Amino acid sequence: MSTIEALATDAKICRAVVHCLKMCGRFSEDLRPSVRQLANQWMQSGEPHLKGCAKDVLFELDAVTG
Numbered sequence: 001m002s003t004i005e006a007l008a009t010d011a012k013i014c015r016a017v018v019h020c021l022k023m024c025g026r027f028s029e030d031l032r033p034s035v036r037q038l039a040n041q042w043m044q045s046g047e048p049h050l051k052g053c054a055k056d057v058l059f060e061l062d063a064v065t066g
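Just so we're aligned: 41 in full-length UniProt numbering is position 41 of the sequence shown, and the numbers increase by one with no gaps anywhere.
Just so you know, the hints here were simulated from the structure itself, not pulled from any lab data. Nothing here was measured: the structure is a model prediction, and the numbers come from that model. Heads up, the beta-carbon is just placed ideally off N, CA and C, and yes, glycines get one too. Treat the hints with care, since some could be wrong.
Derived DEER-like restraints, expressed as beta-carbon distance ranges [said to hold, decoys possible]:
| id | residue 1 | residue 2 | range |
| --- | --- | --- | --- |
| 1 | 37 | 15 | 17 to 23 Å |
| 2 | 66 | 12 | 31 to 37 Å |
| 3 | 10 | 66 | 28 to 34 Å |
| 4 | 52 | 3 | 16 to 22 Å |
| 5 | 64 | 5 | 19 to 25 Å |
| 6 | 46 | 15 | 15 to 21 Å |
| 7 | 6 | 66 | 29 to 35 Å |
| 8 | 9 | 66 | 29 to 35 Å |
| 9 | 15 | 41 | 16 to 22 Å |
Based on the provided sequences and hints, a complete structural model is requested.
Here it is as structure tokens:
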């Protein structure tokens, strides 16, 4: 997860990171809590692109978990 988090700081590849996190959250129950925690951290950050990423990830997680 730390590598994914580091990659997300680059706004150019943030969309790829979002896709990766969405798939982790969708298909791995073990990773889902870590993915949600990271997305919640991003929501609190001052970086607009990270907030946008977090919204996408959380939307996916909410759709999966109902």
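Here is what the structure says about each hint:
1. 37 to 15: 17 to 23 Å: holds, 21 Å
2. 66 to 12: 31 to 37 Å: The hinted range 31 to 37 Å holds for residue 66 and residue 12, with Cβ atoms some 33 Å apart.
3. 10 to 66: 28 to 34 Å: holds, 33 Å
4. 52 to 3: 16 to 22 Å: holds, 20 Å
5. 64 to 5: 19 to 25 Å: holds, 21 Å
6. 46 to 15: 15 to 21 Å: holds, 20 Å
7. 6 to 66: 29 to 35 Å: Holds, since residue 6 and residue 66 (Cβ atoms, about 31 Å apart) stay within the stated range.
8. 9 to 66: 29 to 35 Å: holds, 31 Å
9. 15 to 41: 16 to 22 Å: This hint holds: roughly 18 Å between Cβ atoms.
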